[in-house]
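Listed below, chain by chain, are the residues.
2 protein chains.
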Amino acid sequence: MTQLKEAKNGVLTPEIKYIAEKEKIDPSYLGEMVAKGRVVIPANKKHRNLVPCGIGEGLLIKVNSNIGTSSDHIDLEEEMAKLKVSIEAGADTVMDLSTGGDIDLVRRKIIGASKVPIGTVPIYQAVIEIVEELGGLIHLTVDKLFEIIEKQLSDGVDFITVHCGLTLKGLEMLKAQGRDLDIVSRGGAFLTTWMLYHERENPLFEYYDRLLSIAKKYDVVLSLGDSLRPGCLADSTDRAQIHELMTLGHLNKLAREEDVQVMIEGPGHIPLHEIETNIKLEKSLCNNAPFYVLGPLVTDIAAGHDHIACAIGGAVAGWYGADFLCYVTPSEHLSLPSVDDVREGVIATKIAAHAADIARGNKLAMEPDKKMGMARKDLNWERQMDLALDQITARKYRQNRLPAQNDVCTMCGKFCAIKQVKEYFHG
Amino acid sequence: MTQLKEAKNGVLTPEIKYIAEKEKIDPSYLGEMVAKGRVVIPANKKHRNLVPCGIGEGLLIKVNSNIGTSSDHIDLEEEMAKLKVSIEAGADTVMDLSTGGDIDLVRRKIIGASKVPIGTVPIYQAVIEIVEELGGLIHLTVDKLFEIIEKQLSDGVDFITVHCGLTLKGLEMLKAQGRDLDIVSRGGAFLTTWMLYHERENPLFEYYDRLLSIAKKYDVVLSLGDSLRPGCLADSTDRAQIHELMTLGHLNKLAREEDVQVMIEGPGHIPLHEIETNIKLEKSLCNNAPFYVLGPLVTDIAAGHDHIACAIGGAVAGWYGADFLCYVTPSEHLSLPSVDDVREGVIATKIAAHAADIARGNKLAMEPDKKMGMARKDLNWERQMDLALDQITARKYRQNRLPAQNDVCTMCGKFCAIKQVKEYFHG
Chain F
3 MTQLKEAKNG VLTPEIKYIA EKEKIDPSYL GEMVAKGRVV IPANKKHRNL VPCGIGEGLL
63 IKVNSNIGTS SDHIDLEEEM AKLKVSIEAG ADTVMDLSTG GDIDLVRRKI IGASKVPIGT
123 VPIYQAVIEI VEELGGLIHL TVDKLFEIIE KQLSDGVDFI TVHCGLTLKG LEMLKAQGRD
183 LDIVSRGGAF LTTWMLYHER ENPLFEYYDR LLSIAKKYDV VLSLGDSLRP GCLADSTDRA
243 QIHELMTLGH LNKLAREEDV QVMIEGPGHI PLHEIETNIK LEKSLCNNAP FYVLGPLVTD
303 IAAGHDHIAC AIGGAVAGWY GADFLCYVTP SEHLSLPSVD DVREGVIATK IAAHAADIAR
363 GNKLAMEPDK KMGMARKDLN WERQMDLALD QITARKYRQN RLPAQNDVCT MCGKFCAIKQ
423 VKEYFHG
Chain V
3 MTQLKEAKNG VLTPEIKYIA EKEKIDPSYL GEMVAKGRVV IPANKKHRNL VPCGIGEGLL
63 IKVNSNIGTS SDHIDLEEEM AKLKVSIEAG ADTVMDLSTG GDIDLVRRKI IGASKVPIGT
123 VPIYQAVIEI VEELGGLIHL TVDKLFEIIE KQLSDGVDFI TVHCGLTLKG LEMLKAQGRD
183 LDIVSRGGAF LTTWMLYHER ENPLFEYYDR LLSIAKKYDV VLSLGDSLRP GCLADSTDRA
243 QIHELMTLGH LNKLAREEDV QVMIEGPGHI PLHEIETNIK LEKSLCNNAP FYVLGPLVTD
303 IAAGHDHIAC AIGGAVAGWY GADFLCYVTP SEHLSLPSVD DVREGVIATK IAAHAADIAR
363 GNKLAMEPDK KMGMARKDLN WERQMDLALD QITARKYRQN RLPAQNDVCT MCGKFCAIKQ
423 VKEYFHG
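Chains as they are written, first to last, in my numbering: chain F, 3 to 429; chain V, 3 to 429.
Don't take every hint at face value.
Because identical chains cannot be distinguished in the list, a pair is counted as satisfied if it fits within a single copy or across any two copies.
[What the hints assert, rightly or not] Under the rule of at most 30 Å between Cα atoms (straight-line distance), these lysine-lysine pairs were calculated in the DSS-like manner: (1) Lys365 / Lys282; (2) Lys379 / Lys19; (3) Lys398 / Lys86; (4) Lys416 / Lys177; (5) Lys117 / Lys38; (6) Lys24 / Lys372; (7) Lys47 / Lys10; (8) Lys373 / Lys219; (9) Lys171 / Lys416; (10) Lys372 / Lys416; (11) Lys146 / Lys86; (12) Lys111 / Lys255.
Since the hints were derived computationally from the structure, they do not count as laboratory data.
Here chain F stands alone, though its shape is the one from the complex (with noise of 0.2 Å):
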């Protein structure tokens, strides 16, 4: 049985109801979104431990953090440090996107110490793994690439990216089309590379149902990759992008029909102005499937500051109907994240999360807003310090140059606009 097959059949689940209890919403209606798999619902059978998460419409926008090793910076303990940092600032799911060391040891490692969903990208492991052994990944298998998948999800994975979406005529559209900057996903360039080599089909498309199997014996949630999403504002939202888009949405369809979840994942560099139509074509051409997107990225020159990018770009994407926002940290396009630059993105992605979750109307997300707006009034500074969002960083500041008069702060001192009419209106 999957949460899908569940609700489909009216049980709500023990997670349906800890979720509906959580984000105080009706466990009826929140059955009935994972029947229609507009929410999804992460938790492999295996994953012992987990607190469960839902993701979809009519629920608070989730987070995630991603974390790993790569092949140039391996250190096991700070990834466990990024892990623990990314949940303590909020994260609400965390992906090991590991590609250097002892791969096995430090997801096993992670999903152990994690009460959040874990999500992987199988295709790295794969490909390293065959790289190592056999010296190029054309030499990687169908078999070896599902042995992989269900190692991982044997270890109790609760959500893969798994690129099924990337045809050869998607490639063909893409030659036909022209791009400035090809392929920017890892996963997207493996396949690619292996499926123009052998002039063969992307086994993830072709083997669908093969997959479909095993993500169902653990309930995993498939998170369908956008290999072709665009990696610069130029090739934002073009024919190679949407057309994948499109394959997704078949996935979808298919997966729905075998009770498997299932979420979307979306880009990446778009400017602005483009983002509401990417999200209003998703969630069209996907049946309202829950939206993962990287970002989005409204600019490309924000290097050293891309988690403020993310930030706009994803603040915006949630606002209009995006369920799930991946993280960028401030190293992004420039080095693998350090634990500070971890907790940086996870802090950046939920404010973007948190004033999308108000647009939308959400009921939850205006209460702490409207308690500061009081601690403020009251001038009552250790409970502002307990509301604010990251009550590390914020205590920090104001520690950092505390003021004369201890019921304001150093910007105004005891011109305290605050202060001045709460003395004079309400003695």
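Mind docking chain V on chain F? Use the hints.
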């Protein structure tokens, strides 16, 4: 003669010609926009070495940085460093909001050292001097207020915030309506106290003609302040705020008739879904005068990261037509910003302005992004660093974690998607 008067006479001033060339637009079109009051050029005749800057329709969105001492933190050298770092990071204008120490000295030093337009809020100094001399702001006289204004203008200040739209009627409306966080504008709070104590109309409203004649003399832009801007999301777009905006629209008309340049100030704290309404209202109620927004902040709980809440709001505001974004630093609501905070605030707001310029279709805006896409395709790291909006931070991130192979970065290492595709497709 003012820029507005010259433009009305069909004269293309050197400032109009310079700005048109810099922004690659037709000087005659720019002249028309200035004549209509849709573009302002803050350029006090007394500000030597000023590089002209235009603000308004058809131009790139401009970014302002606020600096200045407070009663709790006075350090002239630090403020000069903030001026320097603001301009280096790309601020188009700087406001000196000093409220501590020798305010005349700080202002004169800043104007003398600045090639960008400088703004001030004269009522701060007027109130501080009266409080020091006579023990309370209620002793402020109309003459004293105008003396300070004239002193600041004669020093070469290019634009001033004047809270002319606050009226007894507006305060009545505020009281009748109720609010979570009454008044958060410092100038607004000062004037309110004075008005209610004396039961007199706001002198900046009552003697607006006197203000216009001083502004005309120096050709200073009046930035009509929003005393009743919302200080929290719950108060956003309420009757008190919009009533004041309508008054500002009327005052804008009077100023244009007298050939005085005007821009309108806007909030503040606004949820994402109300930003469009706020921008369109200003354009409609104020006859398309340039709109200068503070933020807006799209959540109240981002203390320690309010530059990010501001970047989200500023990008959306700019996209819908705001012309001028006042930055917010990470220390907003907590303390006077440090030099580093100022830099971070300018960069965040520059990212927002740039994303909005792209969305608005400004022809210049996409150029660096287009080049960055090509530099990434070429794996040309030096060029990527040169093209980054903040080269210093981008280089720092790259240097901190250098890759084993210098054509990639440590995020993906040898599994770089762009490298993979480049080697396979392009040889």
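**Study point:** Indices of hints not satisfied (ascending)
**Key:** 2, 8, 11, 12
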